[in-house]
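Construct the entire structure; sequences and hints are all you get.
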Amino acid sequence: MPLKIASREIDGITVLQLEGRIVLGEESNALRERVKSLLATQKFKIVMDMGGVTYIDSAGLGTLVAAFHSARNQGAVLKLSNLGQKFQEVLQVTKLLTVFEVFDSEAAAIQSFAK
Amino acid sequence: MDSGIKLVLPSDPRYLSVVRGAVERFAALLEFGEEDCRWITLAVHEALTNVMRHAYHDRHDQPIEIFLRERDGGFEVLMVDHGQGVRPEQLSGRALEDVKPGGLGTHMIREIMDEMDYAPLEGRNELRLWKKRADKKAGE
Chain D
1 MPLKIASREI DGITVLQLEG RIVLGEESNA LRERVKSLLA TQKFKIVMDM
51 GGVTYIDSAG LGTLVAAFHS ARNQGAVLKL SNLGQKFQEV LQVTKLLTVF
101 EVFDSEAAAI QSFAK
Chain H
116 MDSGIKLVLP SDPRYLSVVR GAVERFAALL EFGEEDCRWI TLAVHEALTN
166 VMRHAYHDRH DQPIEIFLRE RDGGFEVLMV DHGQGVRPEQ LSGRALEDVK
216 PGGLGTHMIR EIMDEMDYAP LEGRNELRLW KKRADKKAGE
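Taken in sequence, the protein lines are chains D and H. For the first sequence, this note's numbering begins at 1 and goes up steadily by one. For the second sequence, this note's numbering begins at 116 and goes up steadily by one.
Since the hints were made in silico from the structure, they are not lab data. There is no bait here: all hints are sound.
Using 20 Å as the maximum straight-line C-alpha spacing, the simulated EDC-like pairs for lysine to aspartate or glutamate come out as follows:
id	chain 1	residue 1	chain 2	residue 2
1	D	Lys95	H	Glu226
2	D	Lys86	H	Glu139
3	D	Lys86	H	Glu150
4	D	Lys43	D	Glu106
5	D	Lys43	D	Glu101
6	D	Lys45	D	Glu33
7	D	Lys45	D	Glu9
8	H	Lys121	H	Glu180
9	D	Lys43	D	Glu9
10	D	Lys36	D	Glu19
11	D	Lys86	H	Glu149
12	D	Lys86	D	Glu106
13	D	Lys86	H	Asp151
14	H	Lys247	H	Glu150
15	D	Lys86	H	Glu226
16	D	Lys86	D	Glu19
17	H	Lys247	H	Asp232
Put into structure tokens, the structure is as follows:
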């Protein structure tokens, strides 16, 4: 399934709900553009809910790493929530699990901004 | 004739899902476990995206051939392209401690597969991947 990105705001935090696959091509480009436009409009608190992500490849991971760096360079914070087991395994293989701030649920990720 | 299948496709990312489907089912046919089928599929996907991006520089109309077959109790994938080759040492993958986009695919392939051989030949490049099938336990 191609990537669907739904966006909503909760207490000044932008939640991107991702559904589908994040792979080389349109999917990775769409995600890159969405994060870019959030940062351009001063949305500096972002949670990506990955619960609906069915597949990710190295291009998708690269997009996430680039988004993480862009956010940090602009003073924004990007957190991930709701990673499935397969996704976690891929992050482990690539040693990226410790790079991102990862939360079990979207609610926990949102709550972490209050601390 | 060796039993196996041959896929011929253009270097267009739209066909990635078609190849993933074929590879996953072929691995299942060779009685790899569900998890191994998924990892092998990811490795082949990564190899294929490397060809599309680096050998063909994102051109979508260049030919790629993929041969899938059983060999020595495992799954062999041979991928052939006619694009720009790389030096084999460039496929060693980068240090993962250096966190940046790109360069993850080769590392993933090496982690997943048991063998990875790359040969830039006259007018074509060949990438051969092989993964051994885990021995079945008694009673399985």
